[in-house]
Amino acid sequence: MAAAAERTLSLWEGKINARIKVAGHGPALVYLHSGYGLIWDQSLDQLTKDFTVYAPEHPGTSEGDPNAIAHLDNLWDLILYYYEMFDQLGLDAPALVGHSFGGMVAAELAATNPRRVGKLVLINPLGLWRDDVPIKNYMVTPQAELDPLFFHDRNHPARKLVFMNPEEADSIIRVSWALACTGKFIWPIPDKGLRKRTHRIAAPTLIIWGQQDGLVRPTYAEEFRKLIRGARVELVANAAHMAPLEQPAAVANLVRDFLKK
Amino acid sequence: MKISMFHLMPHRELPADFESKYHSVWVDPPFWELAEPNRVGQYYNWTLDELIHAAKAGMDGICVNEHHQNAYGFMPSPNLMGSALARATNGLDVALVQMGATLPTTIPPIRVAEEYAMLDCISGGRLVAGMPLGTAMDADLCYGITPIEHRDRYYEAHDLILKAWQSREIFAWNGKYFQLPMVNLWPRPIQTPHPPVWIPGSGSLSTWDFSAKHDHCYCFLSYYGNNLGKRVMDGFWEFVDKSGIDPNPYRAGFLQLVAVSETDAQAEKEYYPHIRYFYDKCLHILNEYMFIPGDQDHRSLVNSVRNLLPMQMQLLNAVSSWKYKDFIENQFVIAGSPSSVRDQLMQAVKKLRVGNLMVLLHIGSMPHELTLKNIDLFAREVQPHFRNVWDEEGWDNKWWPARIKNGGQRPDVSGNGGEARSHS
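Protein chains in written order, with the numbering used here: chain A, 1 to 261; chain B, 1001 to 1424.
I should point out that these hints are in silico values taken from the structure, not numbers from a laboratory.
The structure displayed is predicted, hence computed values, not measured ones.
There may be inaccurate statements among the hints.
[Stated by the list, open to error] Incomplete in silico selection of chain B near chain A, CB under 7 Å: (1) Thr1146; (2) Gly1294; (3) Val1302; (4) Arg1306.
[Claimed, not checked] When the alpha-carbon atoms are kept at most 25 Å apart in a straight line, the in silico BS3-like pairs for lysine-lysine are as follows: (5) B:Lys1021 with A:Lys136; (6) B:Lys1405 with B:Lys1213; (7) B:Lys1176 with A:Lys192; (8) B:Lys1405 with B:Lys1056; (9) A:Lys192 with A:Lys226; (10) A:Lys136 with A:Lys196; (11) B:Lys1176 with A:Lys15; (12) B:Lys1213 with B:Lys1242; (13) A:Lys136 with A:Lys160.
Think of the CB as a built atom: it goes at the ideal place given N, C-alpha and C, for glycine as much as any other residue.
Extracted from the complex, chain A is given alone in its bound form:
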């Protein structure tokens, strides 16, 4: 994996030192990670060939600054925080790609101020809820049960990048705390009213879904598509909830082709 540079921004009245991994050349692409923290995976590597990828670390998940999360009380704060980040990065209306929890945040950013997002890509996003297709609370589900929901190939090497290693204290701490900080905005049910706001999304939108997603079933892809004007769905075969990690080339190609159109 190509080493990404790190930029630090002083945001939220100087209370949060935002850490952002940056790599690549080309138009700006902001990537918002899942509840498990930023994993700089092969799909991002591939995207750096055509885009300048900005991958911010959710507040609290940056090494050495666990309590940064205390400064953001709710989803509204989080959304405004990201607009400040765009301002400081000099990004007027970047392409915005979000995965899982990051997908919910991306959709909210596109809905709240439609002029700040040029194009939107949602990869197995959270944010909607249907009682007939409930979403397991992954923060309290044993990893053995999450395995088949997250990865189509149970033995995929990328699993080690996501799940905590019970033998390694650092791994347990890092993953728990990432779940804690992102979980703050989706507890207890990952539906914070996005459905009321999706009508505001103006950005051309691509919805990518790992077809074997057992956490957020592909039924939701159609839900998102119906709610977002002009949105299109692309299913990725042999991938589950962690599609960018399991099928990085397929995901990167879809994102690139969509953004370059």
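Start from chain A and add chain B according to the hints.
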């Protein structure tokens, strides 16, 4: 020394294969598969009877607590139990130790302030106000509290309750988690400045800080007995010393499982199945429900993962293959003949330096009659020997209702119009 009877109000008849069929006793064991409301009604009534029996037998206090969706204890409203007990024990010098209404899940928190004030009034000033943080299971899963906000909500609720009890002005509360326009509590508690506050904890350093800062009684509640308890309490007393606070033993509480029979052999015969039931079934909790990301702050998370967890896991694995004698040797349970229990308990309270002891006299599947027996033997043969522990050091139990502290006079609120009776 004060000794109170603690009761968890468990499901007493879980099926033998419970822990192999269900992954957790807490949060998601399905009620409709495991329990039946009429029978559950019997459990509640037995529990009330057992606590009232303990009060009449001369125990200093009776304790109930709060848990949700939990087969090992399901008093989702401890104050409902408390009100029945308050009424039934008017005329007795017994403290109502509510251990207690969980703070962060009661919204708005002034509900706790009001209910506690009601209990204090109904009981003639006999309330001990326990203020638990609540477990991750209860607060985050059963009641939907955001894990990373759990502790902060608790602190705000605590501050609001204490102000509501004492304020001589009607005030607005513009908090981070709770907003109330005009707080003017009716009723107020009898006890002034407020009922004694006990803070249950399981070893976290921030709870010690908190108890000390507010001069509350810190109660270490764990089911792993007094040998492990000593490690925590040693740390607690060291903290007290370093903080320049007086080492008053009454600022510490502890919960101990106790089972008394005629002889040591008889104790094993009568109580072991229930002890086994307790540790195998009642403590069968899914780890992912106990350690919810964010429920511990980062500092505690690091400490747990690096220091506590490996040891705890080792211990829990060992327990499943223990025999009766292992529970006694490891002091998870104090059990035996009256003299044997007296010896074990005396060692325990001295090494923990605890002035406000709680004993779990109903354990797991213990049937009603056996529980009454345990209470009788404890109250008659054990408790009297402990009354004067700590007397020599001359400490005042600031964390006990003043009116019943020394078995003194109280107004008779029993409604019987009789004379106030006192017990020593």
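Verification of the hints:
1. Thr1146: holds (4 Å)
2. Gly1294: holds (3 Å)
3. Val1302: holds (6 Å)
4. Arg1306: For Arg1306 of chain B, the interface hint holds, since the closest Cβ of chain A sits about 5 Å away, which is under 7 Å.
5. B:Lys1021 with A:Lys136: holds (21 Å)
6. B:Lys1405 with B:Lys1213: This hinted pair holds, its Cα atoms lying about 24 Å apart.
7. B:Lys1176 with A:Lys192: Holds - the C-alpha atoms of Lys192 of chain A and Lys1176 of chain B are around 19 Å apart, at most 25 Å.
8. B:Lys1405 with B:Lys1056: holds (17 Å)
9. A:Lys192 with A:Lys226: Measuring from Cα to Cα gives roughly 18 Å; hence the hint holds.
10. A:Lys136 with A:Lys196: holds (22 Å)
11. B:Lys1176 with A:Lys15: Satisfied, since the Cα-Cα distance of roughly 18 Å is no more than 25 Å.
12. B:Lys1213 with B:Lys1242: holds (13 Å)
13. A:Lys136 with A:Lys160: At roughly 21 Å apart (the allowed maximum being 25 Å), Lys160 of chain A and Lys136 of chain A satisfy the hint.
Hint compliance for this structure: no hint is broken.
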